[in-house]
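Quick mapping for you: the protein sequence lines, in order, are chains Z and L.
Note that the numbering used here has the first sequence beginning at 11, numbered continuously upward.
Note that the numbering used here has the second sequence beginning at 944, numbered continuously upward.
Derived by calculation from the structure, the hints in this document are not laboratory data.
Idealized CB from N, CA, C, for every residue including glycine.
Mixed in with the good hints there might be a few duds.
Claimed, not checked - Here are the in silico distance ranges between beta carbons for each label pair:
1. L:V1133 <-> Z:K64: 31 to 41 Å
2. L:G1144 <-> Z:A23: 42 to 52 Å
3. L:R1104 <-> Z:A23: 46 to 56 Å
4. Z:P132 <-> L:G1103: 28 to 38 Å
5. Z:P78 <-> L:S1120: 37 to 47 Å
6. L:F1101 <-> Z:L110: 29 to 39 Å
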Amino acid sequence: MRLPTKTQTSRRALQILVLLLMVVTPILARYGNYLSARQLDKMVERFDGSFQGKALVWTDGTLRLLAPDKHYGEDVVRRDRKRVLEAAASLKGSTWSFELFGLSLTDPLAVLESALTSKALPWVLLSGALIPLIFTILLGRIFCSWICPIGFLLELSGKLRAVLRFLEIRPGRIRLWPGDKFLILGLGLATAVFFGLPFLGYLYPPALLGREIHNGVTVMFDRAEEGLLGFSAAGLTLASWFLLGIGIVEILFGPRLWCRALCPGGAVYAALGKFRLIRVKRNADLCTDCAECIPVCEMGLNPMRDHTGIECDNCGVCISHCPDGALRYEFSLSDEPRRSSAGNAPLCRKEAV
Amino acid sequence: MKPLTRRGFGAALARGAVRLAGIGAVLHVLGIPFRSGKAATTPELRETGVLRPPGALPEEDFLARCIRCELCADACDTGCIRLLPPGSGRSTGTPVIFPWDRACNLCMACTEVCPSGALKPGLDKHEVRMGDAVVDERLCVSHNGTGACGACHTACPFRGRALTQGIRNAPTVHPDSCVGCGLCEEVCIVEDRRAIRVFSGRAWT
Chain Z
11 MRLPTKTQTS
21 RRALQILVLL
31 LMVVTPILAR
41 YGNYLSARQL
51 DKMVERFDGS
61 FQGKALVWTD
71 GTLRLLAPDK
81 HYGEDVVRRD
91 RKRVLEAAAS
101 LKGSTWSFEL
111 FGLSLTDPLA
121 VLESALTSKA
131 LPWVLLSGAL
141 IPLIFTILLG
151 RIFCSWICPI
161 GFLLELSGKL
171 RAVLRFLEIR
181 PGRIRLWPGD
191 KFLILGLGLA
201 TAVFFGLPFL
211 GYLYPPALLG
221 REIHNGVTVM
231 FDRAEEGLLG
241 FSAAGLTLAS
251 WFLLGIGIVE
261 ILFGPRLWCR
271 ALCPGGAVYA
281 ALGKFRLIRV
291 KRNADLCTDC
301 AECIPVCEMG
311 LNPMRDHTGI
321 ECDNCGVCIS
331 HCPDGALRYE
341 FSLSDEPRRS
351 SAGNAPLCRK
361 EAV
Chain L
944 MKPLTRRGFG
954 AALARGAVRL
964 AGIGAVLHVL
974 GIPFRSGKAA
984 TTPELRETGV
994 LRPPGALPEE
1004 DFLARCIRCE
1014 LCADACDTGC
1024 IRLLPPGSGR
1034 STGTPVIFPW
1044 DRACNLCMAC
1054 TEVCPSGALK
1064 PGLDKHEVRM
1074 GDAVVDERLC
1084 VSHNGTGACG
1094 ACHTACPFRG
1104 RALTQGIRNA
1114 PTVHPDSCVG
1124 CGLCEEVCIV
1134 EDRRAIRVFS
1144 GRAWT
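Just chain Z, with the same shape it has in the complex (with noise of 0.2 Å):
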């Protein structure tokens, strides 16, 4: 009997979930500004025939399934204003920050890095990193691999990896000292209080990527506003450079280098689930030495070696290959594997020899 199937498609549903919502989010308050200026309707017919059109036709007829038209008497039928543009209004943000429903969700190294360059830490800016900051210490670095974007692209990206290698050329396979991303964090909050500078916040990749998918979709709109419609790369920074250079180091050099090594959020998130409740654990007597997981490791772990400490983030892949069901989730405060009735000493077979 075996989930982690399950548990994988849903891990890629949710990374593509909030994916869309941070295209989507920009796109909602354009409408948004559309529809409270009353003039959706010129717009989208100005709009015909390109993105920017489909964008606000899609919003508007997804929005309509939520809001329904009000009827009154045979054939007047309006749009329900009101009841839109609060629907419009329930998603905003990107991982940074994101407002669902209402509900505040900010990332802890937003929340770290405001309160060290403010010197202050109101309620505001707390309230909204306590839901991130529970599960965090309840399951660990699950925002990794479970939610940041650009984990996601970064996963994806690695797959570029096996065409490399189709095309026989070797892709390098760099390690860097995974305490190098706690430097960085060091350097950042240094910065912070030091200098009043976010130095962080221009340097964490799904901050970027939240800033560049903003710009990108607001400057496409108000070319289409100037007549200019179809898609545009003109909203975009240099921070696309980044990203993309992180991508290409890590497709070349080395699978998930910067997540592995370098993201002072993953930082932050590696520190916070130190305590974690649920881990990934191997039973000794089960696991059959295969070394399936180690490869398939995003974070570059050996699950057959038990201590994998702060840098598991709890993807679960390694579950899903154990050919053996050895790997499981487990409710416990340490790494230590399990042991069977035999009371078999839990030995890396591999390793010993």
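With chain Z's structure known, arrange chain L on it following the hints.
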């Protein structure tokens, strides 16, 4: 020490290249606030200052508190809130309003949504102080005698108090009541350089 093989040398080179790229990225980001060429800076903006959304804290506090998310821009009713592009120094990614393009209609949605407290929540429209509108009497058609306009008076949400009209609809701003929303600047009929402009008093830092 291991003997240096060709592969080992290649790997060492690649590792060095990645480290260099990493250091370069860090230096690049560190350099953002020190770069002199400010992307969004026009002479206009230098003169009037950056117009922040309603409820913004004093500039220094605002820059420290703001987490550079885009919630205020997403919540904005008119779409007037923009994010400053990279190259704007410490202001990179912070919200700004260009009232000649789109002005704030004081819906206050941004103050409700701000997760960092950089925009003070719960403000009444009257209490907002984004800046002050200033009339350039040489450019204003009602003042310089080339016509009778009155567009700013029509647009002003506090007309009668913040903005009054004289002969030929010539506007007078009363700074005590003016909130600095910029609606007058948006509708001003004088092209290129508006005859009524909002000065925020927030210099580029």
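Hints, one by one, checked against the model:
1. Distance hint for V1133 (chain L) and K64 (chain Z): a CB-CB separation of about 38 Å, consistent with the stated range 31 to 41 Å.
2. For the pair G1144 (chain L) and A23 (chain Z), the beta carbons lie near 49 Å from each other, so the given range of 42 to 52 Å is met.
3. Checking the proposed 46 to 56 Å range against R1104 (chain L) and A23 (chain Z) shows it holds: the Cβ atoms sit about 55 Å from each other.
4. The supplied range of 28 to 38 Å is met by P132 (chain Z) and G1103 (chain L), whose beta-carbon atoms lie about 36 Å from each other.
5. In this structure the hint that P78 (chain Z) and S1120 (chain L) lie 37 to 47 Å apart at CB holds, the actual value being about 43 Å.
6. One distance hint, 29 to 39 Å for the beta-carbon pair F1101 (chain L) and L110 (chain Z), holds here, with the actual separation near 35 Å.
Comparing the model with each numbered hint stated earlier shows that all of them hold.
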